[in-house]
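Student: The primary structure of each chain is shown beneath.
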Amino acid sequence: MLDVNGLRKTYTGDGRTIEAIRDLTFTVADGDLTCLVGPSGCGKTTLLKCIAGLLPPSAGTVTFAGSPVTAPPPGMAVVFQEYGRSLFPWLRVAANVELPLRQKGLARDRRRELVASSLAAVGLADAHTAYPWQLSGGMQQRVAIARALAYEPRVLLMDEPFAAVDAQTRADLEDLIRGLWQRLGVTVLFVTHDIDEAVYLGQRVLILSASPTVVREDLAIDLPSSRDQLHTRALPRFTELRTHVYEQIQAAKRSVPA
Amino acid sequence: MLDVNGLRKTYTGDGRTIEAIRDLTFTVADGDLTCLVGPSGCGKTTLLKCIAGLLPPSAGTVTFAGSPVTAPPPGMAVVFQEYGRSLFPWLRVAANVELPLRQKGLARDRRRELVASSLAAVGLADAHTAYPWQLSGGMQQRVAIARALAYEPRVLLMDEPFAAVDAQTRADLEDLIRGLWQRLGVTVLFVTHDIDEAVYLGQRVLILSASPTVVREDLAIDLPSSRDQLHTRALPRFTELRTHVYEQIQAAKRSVPA
Amino acid sequence: GGSSPEEPGTDASGPSKVTVGVIPIVDVAPIYLGKEKGFFSSRGIDLELVTAQGGAAIVPGVLSGDFQFGFSNITSLMIAQTKNVPVRIVANGAASTGVPGKDFGGVAVAKDSPITSAAGLAGRKVAVNTLKNIGDTTVRESVRKAGGDPAGIEFVEIGFPDMPAALESGQVDAAWVVEPQLSAVKAAGGTVIASNFTDTAPNLTIAAYFAGTKLIADEPELVKNFTEAINESLAYADAHPDEVRAVLSSYTKISEEVRTALILPKWPTEVNRASLATLAALGTTDGIFGDAAPDLGKLLP
Amino acid sequence: MRIVYWLGLPIVLVVAWWVATAGSTDFYVPPLQSIVAVFFDVWTLDRLRADVLPSLLRLLAGFALALLLGVGLGVLIGSRPRVRATVEPVLEFLRAVPPPVLVPVIMLFAGIGDGMKILVIVSGCVWPILLNTVEGVRAVDGVLTETARAYGLTGPARLWRLTLPAASPQIVAGARQALSLAIILMVISEMFAASSGLGYTIVEFQRSFAIPEMWTGIILLGLLGVVLSGLFRLAETAILGWYHGLRRAQKG
Amino acid sequence: MKPLLGLAGLGGFVLLLEVIPRAGLVPSRYLPPAAEIAVALGGELADAGFWAALRDTLSGWVLGLLIAAVAGVVLGLLIGAVPVLRELTASTIEFLRPIPSVALIPLVVVLYGASLQSKLVLVVYAAFWQMLVQVLYGVRDVDPVADETARAYGLGRAARIRHVLWPTALPYVMTGLRLAAAVALILCVTGELGIGAPGLGARIAVAQSSGAIPDLYALIVVTGLLGVAINVGARAVERHALRWHQSVRGEAAV
Ligand SMILES: Nc1ncnc2c1ncn2[C@@H]1O[C@H](COP(=O)(O)OP(=O)(O)OP(=O)(O)O)[C@@H](O)[C@H]1O
Ligand SMILES: Nc1ncnc2c1ncn2[C@@H]1O[C@H](COP(=O)(O)OP(=O)(O)OP(=O)(O)O)[C@@H](O)[C@H]1O
Ligand SMILES: [Mg+2]
Ligand SMILES: [Mg+2]
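Protein sequences, first through last, are from chains A, B, C, D and E. This note's numbering numbers the first residue of the first sequence as 1 and each following residue consecutively. This note's numbering numbers the first residue of the second sequence as 1 and each following residue consecutively. This note's numbering numbers the first residue of the third sequence as 1 and each following residue consecutively. This note's numbering numbers the first residue of the fourth sequence as 1 and each following residue consecutively. This note's numbering numbers the first residue of the fifth sequence as 1 and each following residue consecutively.
No lab work stands behind these hints, which were simulated from the structure alone. Here a beta-carbon is modelled for each residue, glycine too, at the ideal position from N, C-alpha and C. It cannot be assumed that every hint is accurate.
[What the hints assert, rightly or not] Here are the computed distance ranges between Cβ atoms for each label pair:
no., chain 1, residue 1, chain 2, residue 2, range
1, A, THR129, B, GLY31, 41 to 49 Å
2, A, ASP222, B, THR12, 52 to 60 Å
3, D, PHE40, E, VAL39, 53 to 61 Å
4, E, VAL84, A, ARG110, 43 to 51 Å
5, C, GLU270, D, VAL36, 38 to 46 Å
Required output: the full structure, derived from the provided sequences and hints.
Tutor: What follows is the structure, encoded as structure tokens:
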């Protein structure tokens, strides 16, 4: 489904050259739920943007469903790390969620329905008429999530989508995403800093090294596929996995490759 | 030191009236480290801005060191939830950190020293000459933290300051804040969504109800005052406390008061 | 201009529509009066008068056919002729009264000015409405006649309407003004120290009506009628100053008081060729025609 | 590549102009060829020094003054809603008065010298700077404003380190507008009480029916515009480097 | 409250106009005190010719502004959205912009005579650049994150222009519109003044050459008041169209 091959990204400009990603190669199968973790500044956002076709790589290729990605492929939704700036301040919440649907050419009624259900799903059923800047940080982030969900994408790229919400909401949203994934078979690529979250959500966790970035480990999560907040997190295997990931990130952060 | 009395904040405008904070009363003693938790959208940011003198309350008062707060009191540093937008895009990282120091009237050498040490403390020793928009989300957030630290404030207000950094960095920063607090006796008010973090960091955790907000519980954290990531988090009392807080938030989220 | 002229006069049945570009000043009173008196309609001319600020807009309008005729001062027409602009005078416009000190234009100084004669203008700052035109040429001649040296005069370009203020505030030492501003200057205590028109030539022709050579060639009948109508208007105006003063109120905002007192130009029906030759010679000396000299034969009807 | 971009369209347009007017007999639209033929005869070094240089100096003086005034007033008005509400109608009133009728009034106060001409330039080109500064100041990001307040950034520091940089993209947009307006107003100012200068020369050519010469003047004005805007671009790159970077940031 | 402050401002200005000539700072012959201007203004208002002139000026102004605004916005968005176009047109724009409309007067008279068209050409030529440049700068202000969001959700170029570029540029467009409106009015009047097309400008020319100073100022006051009216309208539009924008919401909060 999604092939990242020898990807490399170097930022230049203003006298500063940063090799953000050195060499990334991995494949995401159709319907996978993959979590990406790595130290701050290692290039996760950069990678996601390359995959989304928003940023041209310096070398290497991204292939989506067999064809190389040069522009955002259709059927893809993205939740940006900078959720605040990714909402259009001139549109009210409902219109923000609806805009991509219009673009998709959905009928008015269907759009209404999708907007209402996705906003309800993230707990913002009564924020339809607010402007984004009238909302709290966490609420804004949830609008961005609702927008992605309403879009009914085939591929969902999420960049730290729950960073600004409280623990309880976070748990609810995690279950929402897993439910959606199981029900609709969306392919999900999920960047997070919360290791428990990565282990709880993913079928697989990709651990990235510090910048310049390579894949440090590609870890399969062998937890039962029906998970719930209480029991899954209490499993000894869960604790093992999260400790492992934690150690890997710790190691990644320490050993910066030359 | 800091007295919040009958605080109430209602947002009006554009046909929408939101009672964000209904009635908050609490006191923070000099040198306290208080963590604030509460459901997303419950008014934590609003509260922090009222305390900082950036937002006039609709009713009630905030008193700082005996005098009512109407404008930002001197000696206070704030890390905003919207870290990205709180950095001056026309200044490089070092200049961003240095700006408040100039305003404070520090000598050049002292400023240099503070900038270098605080950037090093957050792990950004080599980002001095970058512009904020050349940094990753987590790096931007750390610049905002470095700016607050370099300021050597008497009161430090932090609004989800570690939301965008990875687990390891987060742990390091937590220890940094606790160390600073113990060494210098700063008064810290810390908003977070991470319950473990709140319990690990604070002497005291204020749990807020859902909006319209009141204080749901004022919980003293009776963990030993010398804490470290490995042992403290493994204490049974730690688990008890975090479970308690979790339940409270869960309850807060459910029971929206009329 | 690309636009085709509106074929005036081709329609034999009705009156032909004729547009004339004029400047809203005293000089063109006869054409307004003539229109009122029916001198044009009686010749099958349906006259429309369009006001513009100066020759800069009127000449292109005539060339493009938007105006069939235009009104312009003589020196400007001479300049046009030296540049081979295809225009030709079809009727007289206005002329100096020929009475020194009682002309409708003159060189004035402010109250209490030390300058008492044209000779005193040497080395001074003198306002004219347009540089390198009839104003500076004739003022120089006044100075020469008074025995002064015109070489050192510093001419400054200021529109007639702004001259009284410029004079009174001392921004210029003297100004060549025409009516109605001349009256304003006098009212503010200024005095006329020279009559530059009469100094240049007796009965100097100041301005004329002109048309494009194409129109003159294509529609001689129309031009003939227009010239006759103008001439009748000029003669009538010259004979009936009171009616002239009255008609001024129809197209200017000159106050009643000034209207009754101001000095009117003369409106002879013939262009004073001798005076034009003098003017041309002076202009050539001053270099306002560049290297060329105007060929009056090609300009005059 | 840059050069191709810069010269591509102009060359096409010049060729089109050349061809379209090649056989022109229209008095006011002479063939481009004859315009070019007289260009260097008209704009000799002497004339450049005598006519163009003083105009240029007045233009720059007027522009600089307008910049100072526009930004200064703009910051004041933009940061105080009450001041804005009070003075805006008066400013709008003055703004709508056409320079040709305003000039005589200015002459009453400022005489007819260089001062008047500079004032005329200022009176016309201060507006885009003023309006853009006002709007730029009003639009300073709320989070930045709060950050500055929280860290005690007040007074001049706030002006220099927050307000002006934050509004600078819009101020620059206004200044860019003002620059071309300044050229236009330079011409207008020289239509009054002038006896030399680029604008005067053009008007004088027009009045004396020296039409190809007049066209050379207009072309010179255009070229002047290009040169000045080139210089402006350099300044803009220096001042707004951060902004261009920021706006391009994620474009790759 | 706000209109009251504005009226107070205008009142102060009128007072100044009254005092300056009365105090003898300039001779009242050349700058009459406000009261005299008001009397002259009353005279104008009672004159049917004045209203016809006003109508002429306004029609030229509205039409010219409309054309300039639409052309400026459409071309600006287009040029701004396509980088190649932007590069290609930059030098030409810089060349054409500083050419004063007034220098075009003889040309337009040749082309269109003393008609509405020549007035329009002048007005459009001058106002167009104001719009275009503002739009170009406005388009550049697009937040890359917003633009990326739109691209990620498959919004094509046209949709991005409509939903991202346009709202971002809108504050600049509003400023441009206010600039262009005044410039259009100015050019309308100046054009009438120079070309003699009917309108307020032609009336001003007559008053000027007749030495009717109070009438002249009365007419100037009329153009100024038109400017004020334009601004009141523009601000009302802005309050609605930009209520999401920092400049409006920021001031609403205080
Ligand atoms: N526009 C840019 N210009 C220059 N360098 C950039 C730019 N964007 C990112 N970088 C650099 O690329 C590296 C990777 O950034 P990226 O945003 O991909 O990190 P990340 O993994 O998403 O980090 P975080 O977890 O903190 O969000 C960083 O060192 C950053 O400084
Ligand atoms: N500028 C504003 N205008 C109107 N309503 C606002 C504004 N800012 C915040 N609110 C409302 O006030 C309430 C509290 O917002 P606040 O940002 O304080 O929440 P928070 O506790 O910080 O939430 P989060 O954890 O998601 O950041 C929310 O319902 C929000 O919609
Ligand atoms: Mg990131
Ligand atoms: Mg918040």
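Student: Each hint: holds or not?
Tutor: We went through each hint and held it up to the structure:
At about 44 Å, the CB distance of THR129(A) to GLY31(B) agrees with the hint of 41 to 49 Å. At about 53 Å, the beta-carbon gap between ASP222(A) and THR12(B) stays in the expected band of 52 to 60 Å. Distance hint check for PHE40(D) and VAL39(E): the Cβ-Cβ separation is about 56 Å, which falls inside the suggested range of 53 to 61 Å. The given range of 43 to 51 Å is broken by VAL84(E) and ARG110(A), whose C-beta atoms sit roughly 38 Å from each other.
Taking 38 to 46 Å as the suggested C-beta distance range, the pair GLU270(C) and VAL36(D) conforms, at roughly 45 Å.
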